[in-house]
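With chain A held as given, fit chain B onto it using these hints.
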Amino acid sequence: MSAPAENEASIKQENGPSGTVQEKPKKIVVRTGDGEVFELKEEVAMEMETIKTFFMEDNISYETVMPLTNVDSWELVKVIEYCSKYVELKNKQENFHKELKAFQDEFVKSMSPKTLLSLSNVANYLEIKYFLDFICQAIADHIKNKDVEYVRELFGVENDFTEEEMAKAEAPWAHENLDKDLY
Amino acid sequence: MSSKRSKADAMLPYLPLEVITQILEKLAVKTLLRFKVVCKLWCALISSDQFVRRHSSLCASNTQRIIMNPSDLLFDLGFYSVDGSLVLDKTSVDIRIGSHNHNRCSVKGSCDGLVCLKECVTGTTLIWNPSTRDFKVLPSPSEGGLNVRGKYELWRYGFGYDYNSDDYKVLTLIPYQISFGNSGSYKSIIYTLRSDSWRRIQDSPLGIFFHNTPSTFASGSLHWTAEKTGCVGVIVAFDLATVDDGSYDMWEMREYGVPESWTKTVTFPRKLGTVEYPMILKPLTWSIEKGKILLYANGNPVSYNASKNSLVHFARDVYILSSVGYEESLVSPNAYNNLGANKICPLNIRIVLRKHVNCSDRSRKFVQIK
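Chains A and B are the protein sequences, given in the same order.
Numbering follows our numbering, with no gaps: position 164 of the first sequence is 164.
Numbering follows our numbering, with no gaps: position 290 of the second sequence is 290.
Just so you know, these hints were derived from the structure itself, not from any lab.
It is possible that part of the hints are untrue.
Unchecked claim - Below 20 Å or equal to it, Euclidean Cα-Cα: the simulated EDC-like pairs (lysine to aspartate or glutamate) are:
id, chain 1, residue 1, chain 2, residue 2
1, A, K144, B, E327
2, A, K114, A, D147
3, B, K187, B, D134
4, A, K144, B, E25
5, B, K40, A, E88
6, A, K27, A, E39
7, A, K129, B, E18
8, B, K26, A, D72
9, B, K40, A, E163
10, A, K129, A, E170
11, A, K98, A, E81
12, B, K40, A, E149
13, A, K27, A, E49
14, B, K26, A, D105
15, B, K40, A, E49
16, B, K40, A, E164
17, B, K30, A, E43
18, A, K114, A, E149
19, B, K30, A, D147
20, A, K114, B, E18
21, A, K90, A, E43
22, B, K30, B, D49
23, B, K187, B, D166
24, B, K30, A, E170
25, A, K146, A, E127
26, A, K168, B, E18
27, A, K144, A, D105
28, A, K144, A, E127
29, B, K40, A, E81
30, A, K27, A, E81
31, B, K40, A, E165
32, A, K101, A, D72
33, A, K85, A, D105
34, B, K30, A, E39
35, B, K40, A, E153
36, A, K144, B, E18
37, A, K114, A, E164
38, B, K26, A, E127
So that you can see chain A by itself, here it is in the shape it has in the complex (with noise of 0.2 Å):
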């Protein structure tokens, strides 16, 4: 991946009928972990918090490049698809639960459990609200019925209990009727 890859969303510059050059609408200009830079629209931008910061706190210029050293490109592409989303449903404001919620359902479709704990961090990192709570939803949804150790295999978690302190912690009804999966 050495070629410097342009988000679809930016903006080409406008010419009006006249021929003169209309404003260009403001970009914002990242870099992810793994080396590959995104333009972003101010608007889409701005909806994460750790970005609005780094650029509105010390009033820094939409010139630099901003480092998101935790992100990686796939998690970054799929943030600014929600994102984008979510601005252009608040804009329009018509049916705006009706079609999030479309959204949402197709959003989360394609994603492995392992995507969405990926991208619930880069939500928390990025600082976007909205985006954490539909991702921990999401994740929480998944989760609900399954069993301890598919929870442990999923998070990645060791079992630090021994057999007494599990006995002890242990209740043992609130483990009848769960999925039978295997991760």
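Chain B alone, transformed into the frame defined by chain A:
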């Protein structure tokens, strides 16, 4: 493409704690109890005071329940949600005191997922969380040197949470006995979980007779229906409904203590049904969900849909004497007192929950009233 896949699979060993918390907050109590054993970190997180508080305030709105205490004779509680659907079939709680099997209990109040119960024969009070099955037996008031005597049936109870001291309290009103019955004056004693003891407080005002219905805890105060001498009905603290032209209006005080904030929420008729089978309706609870409210109809519980003016019966085989609102939470009655839950208790008490497998839908009948 392949790098994308492997990056996602090579999971970071730990998500930050705040993300895990946000995920766990959205889970039900039963699920959280199960996940306590995932690892020690999760156990500590789920058990922490902060998490318990936050979770119970988040899940309270979607786990509103009514606990039906059909009678004081059998301890069979049914947990119902506001649309009348049975959430948890009757759970039976066996309380063994000494060598006898006592199961005459009544529900005296509920707050934050904790339920205050009284065993009728010995007068023992318990605080219980039905979702986590954690419970605590309260010491008897006389243990603290308080002089209390008299028929337990006449005692009145209130159970609630004190924001100032972050403590749960049980208020008991014990009527002063006089030769011709209830004098309308009560000795007041209060128990707190933190102190794990009872103490005497100022007596309630004279001439108020409290009804034997569970108190409601709202906006930091306990509320009882009562009567003033001269058969004047009063509510100590706020009024539940006003009667108006054969229908009840349910009013909600949106901002506590602000008279202007009374807002009408739902109207339901006082009487429904046919001439041969009239039903007298009375409110069962103040909780309204999606335009539905639970009412008593001739002593049976029904779910009333205000916009359609229709009723759904449920639990037809029980005659309800008392009921109390309830929501799920992780709050533990044993977490407030450092002396610990494992203090030696002279009463041999064991709580056993048996779940009846046949969750009955057969009792549901849709009655359209026009």
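Structure-based check of all given hints:
1. Taking the CA atoms of K144 of chain A and E327 of chain B, the gap is near 19 Å; set against the 20 Å cutoff, the hint holds.
2. Our distance criterion of 20 Å between C-alpha atoms is met by K114 of chain A and D147 of chain A, whose separation comes to about 16 Å.
3. The hinted pair formed by K187 of chain B and D134 of chain B fails the criterion: a straight-line CA distance of about 30 Å is larger than 20 Å.
4. For the hint pairing K144 of chain A with E25 of chain B, the CA-to-CA distance comes to about 11 Å; that is within 20 Å, so the pair holds.
5. With a C-alpha separation of about 43 Å, the suggested pair K40 of chain B and E88 of chain A falls outside the 20 Å cut-off, and the hint is violated.
6. A hinted pair counts as satisfied when its Cα atoms are at most 20 Å apart, and K27 of chain A with E39 of chain A qualifies at roughly 6 Å.
7. Among the hinted pairs, K129 of chain A with E18 of chain B is consistent with the structure: their alpha-carbon atoms are about 12 Å apart, no more than 20 Å.
8. With a CA separation close to 27 Å, the supplied pair K26 of chain B and D72 of chain A exceeds the 20 Å bound.
9. Pair hint K40 of chain B plus E163 of chain A holds up; C-alpha atoms about 13 Å apart against a cutoff of 20 Å.
10. The hinted pair formed by K129 of chain A and E170 of chain A fails the criterion: a straight-line CA distance of about 33 Å is larger than 20 Å.
11. Taking the CA atoms of K98 of chain A and E81 of chain A, the gap is near 18 Å; set against the 20 Å cutoff, the hint holds.
12. At most 20 Å may separate the alpha-carbon atoms for a hinted pair to count; K40 of chain B and E149 of chain A meet this at roughly 14 Å.
13. At roughly 16 Å between alpha-carbon atoms, K27 of chain A and E49 of chain A fall within 20 Å of each other, so this suggested pair holds.
14. Our distance criterion of 20 Å between C-alpha atoms is met by K26 of chain B and D105 of chain A, whose separation comes to about 18 Å.
15. For the given pair, K40 of chain B sits about 32 Å from E49 of chain A by alpha-carbon distance, which is inconsistent with the 20 Å threshold.
16. Between K40 of chain B and E164 of chain A, the direct Cα distance comes to roughly 13 Å. Compliance with the 20 Å bound is thereby established for this hinted pair.
17. Between K30 of chain B and E43 of chain A, the direct Cα distance comes to roughly 42 Å. Violation of the 20 Å bound is thereby established for this hinted pair.
18. Proposed proximity of K114 of chain A and E149 of chain A is supported: the alpha carbons are some 15 Å apart, at most 20 Å.
19. For the suggested pair K30 of chain B and D147 of chain A, the alpha carbons sit about 12 Å apart, so the restraint of at most 20 Å is met.
20. With a C-alpha separation of about 18 Å, the suggested pairing of K114 of chain A with E18 of chain B holds against the 20 Å cut-off.
21. Annotation: proposed proximity of K90 of chain A to E43 of chain A holds, straight-line Cα distance about 12 Å (limit 20 Å).
22. For the proposed pair K30 of chain B and D49 of chain B, the alpha carbon gap of about 17 Å is at most 20 Å, so the pair holds.
23. Proximity of K187 of chain B to D166 of chain B is assessed by CA-CA distance (about 25 Å); at most 20 Å being required, the pair is judged violated.
24. Under the criterion of a C-alpha separation no larger than 20 Å, the hint pairing K30 of chain B with E170 of chain A is consistent with the structure, at around 11 Å.
25. Between K146 of chain A and E127 of chain A the CA atoms are separated by roughly 28 Å; this puts the pair beyond 20 Å, and the hint is violated.
26. Under the criterion of a C-alpha separation no larger than 20 Å, the hint pairing K168 of chain A with E18 of chain B is inconsistent with the structure, at around 26 Å.
27. The suggested pairing of K144 of chain A with D105 of chain A holds, with an alpha-carbon distance near 18 Å, which does not exceed 20 Å.
28. For the hint linking K144 of chain A to E127 of chain A, the alpha-carbon distance of about 25 Å lies beyond 20 Å, and the restraint is violated.
29. Restraint check: the Cα-Cα separation between K40 of chain B and E81 of chain A comes to about 37 Å, which exceeds 20 Å; the hinted pair is violated.
30. A hinted pair counts as satisfied when its Cα atoms are at most 20 Å apart, and K27 of chain A with E81 of chain A qualifies at roughly 16 Å.
31. Straight-line distance between C-alpha atoms of K40 of chain B and E165 of chain A comes to about 10 Å, which keeps the hinted pair within the 20 Å bound.
32. Of the supplied pair hints, the one linking K101 of chain A and D72 of chain A is violated, its CA atoms being roughly 26 Å apart against a limit of 20 Å.
33. Of the pairs offered as hints, the one joining K85 of chain A and D105 of chain A holds, with about 13 Å between alpha carbons and a cut-off of 20 Å not exceeded.
34. A C-alpha spacing of about 45 Å is found between K30 of chain B and E39 of chain A, which places the hinted pair above 20 Å, so the restraint is violated.
35. For the given pair, K40 of chain B sits about 15 Å from E153 of chain A by alpha-carbon distance, which is consistent with the 20 Å threshold.
36. Proposed proximity of K144 of chain A and E18 of chain B is supported: the alpha carbons are some 19 Å apart, at most 20 Å.
37. Distance check on the hinted pair: K114 of chain A and E164 of chain A sit about 31 Å apart at the alpha-carbon level, beyond 20 Å; violated.
38. Note on K26 of chain B and E127 of chain A: the hinted pairing holds, with a Cα-Cα distance of about 19 Å set against a maximum of 20 Å.
Going through the hint list in order, the structure does not satisfy hints 3, 5, 8, 10, 15, 17, 23, 25, 26, 28, 29, 32, 34 and 37.
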